[in-house]
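There are 2 protein chains.
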Amino acid sequence: MTIWRVEAMIMPKDGVNDPQGEAVHGGLKSLEFVGVQNVRVGKIISLSIEAKSEDEAIDQAMHMCDQLLANPVIETYSLTATQPSPAAKGSIA
Amino acid sequence: MTIWRVEAMIMPKDGVNDPQGEAVHGGLKSLEFVGVQNVRVGKIISLSIEAKSEDEAIDQAMHMCDQLLANPVIETYSLTATQPSPAAKGSIA
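Those protein sequence lines, which keep their order, are chains A and B.
The first sequence runs 1 to 93 under our numbering.
The second sequence runs 1 to 93 under our numbering.
So here's chain A without its partners, still in its complex pose (with noise of 0.2 Å):
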């Protein structure tokens, strides 16, 4: 069994309000950005995922998106799988 990386991307749904992504717009505007058009304030959500292959990471992502992570009546999500390096398992320098 290996750990995979799996990331989240989950965004509101082009049309659906975000009032998250509106302050943030407020707030760049404020500051003097004044060439920013649009903001949309989503969320990553990055799991460590033991499985044999990544395509077995990816679907237990996939169903951990539609149960819990992702409302699906107002927002979408994308998934992207990673292997950790060995080095990451820690290494005494």
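Hints are computed from structural coordinates only; laboratory data are not their basis.
Every value quoted in this text rests on a predicted model; they were computed, and no experiment measured them.
Mixed in with the good hints, there may be bad ones.
Cut-off 27 Å, straight-line C-alpha distance, at most; resulting in silico cross-link-like pairs (DSSO-like, lysine-lysine) [unchecked claim]:
hint: 1; chain 1: A; residue 1: LYS29; chain 2: A; residue 2: LYS43
hint: 2; chain 1: B; residue 1: LYS13; chain 2: B; residue 2: LYS29
hint: 3; chain 1: B; residue 1: LYS43; chain 2: B; residue 2: LYS13
hint: 4; chain 1: A; residue 1: LYS13; chain 2: A; residue 2: LYS43
hint: 5; chain 1: B; residue 1: LYS29; chain 2: A; residue 2: LYS52
hint: 6; chain 1: A; residue 1: LYS13; chain 2: A; residue 2: LYS29
hint: 7; chain 1: A; residue 1: LYS43; chain 2: B; residue 2: LYS13
hint: 8; chain 1: B; residue 1: LYS52; chain 2: A; residue 2: LYS29
hint: 9; chain 1: B; residue 1: LYS29; chain 2: A; residue 2: LYS29
hint: 10; chain 1: B; residue 1: LYS43; chain 2: B; residue 2: LYS29
hint: 11; chain 1: A; residue 1: LYS43; chain 2: B; residue 2: LYS43
hint: 12; chain 1: A; residue 1: LYS43; chain 2: B; residue 2: LYS29
hint: 13; chain 1: B; residue 1: LYS52; chain 2: A; residue 2: LYS52
Start from chain A and add chain B according to the hints.
Chain B only, in chain A's frame:
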């Protein structure tokens, strides 16, 4: 001037307490996702920035992160820029 979409991914630094991640981890355990080792929750802020070049858009976003979006004491951020496709400007099918 072109509109660039810059995504700022803001994550808590390693070692910094992440109560939101712990809560999600607990929720996944109670749903019997037993293969999850660790969960970290961060923010993703999608910015539409008017700029002459990709470098200028990234540079502006970096200033926004430093001044408002990220807390450099407990968070790290990474930036990626993409240019929205011309079709995204609107078309009638």
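Status of the hints after comparison with the structure:
At most 27 Å may separate the alpha-carbon atoms for a hinted pair to count; LYS29/A and LYS43/A meet this at roughly 22 Å. For the given pair, LYS13/B sits about 23 Å from LYS29/B by alpha-carbon distance, which is consistent with the 27 Å threshold. Between LYS43/B and LYS13/B, the direct Cα distance comes to roughly 13 Å. Compliance with the 27 Å bound is thereby established for this hinted pair. In summary, the hint linking LYS13/A to LYS43/A is supported, as the alpha carbons are separated by about 13 Å, within the 27 Å threshold.
The straight-line distance between the Cα atoms of LYS29/B and LYS52/A is roughly 19 Å, inside the 27 Å bound, and the hint therefore holds. At most 27 Å may separate the alpha-carbon atoms for a hinted pair to count; LYS13/A and LYS29/A meet this at roughly 23 Å. Proposed proximity of LYS43/A and LYS13/B is supported: the alpha carbons are some 16 Å apart, at most 27 Å. A hinted pair counts as satisfied when its Cα atoms are at most 27 Å apart, and LYS52/B with LYS29/A qualifies at roughly 19 Å.
The hinted pair formed by LYS29/B and LYS29/A fails the criterion: a straight-line CA distance of about 42 Å is larger than 27 Å. Between LYS43/B and LYS29/B the alpha-carbon distance is near 22 Å, which keeps this suggested pair within the 27 Å criterion. Among the hinted pairs, LYS43/A with LYS43/B is consistent with the structure: their alpha-carbon atoms are about 5 Å apart, no more than 27 Å. Restraint check: the Cα-Cα separation between LYS43/A and LYS29/B comes to about 20 Å, which is no more than 27 Å; the hinted pair holds.
Among the hinted pairs, LYS52/B with LYS52/A is inconsistent with the structure: their alpha-carbon atoms are about 46 Å apart, more than 27 Å.
Hint compliance for this structure: hints 9, 13 are not met, and every other hint is.
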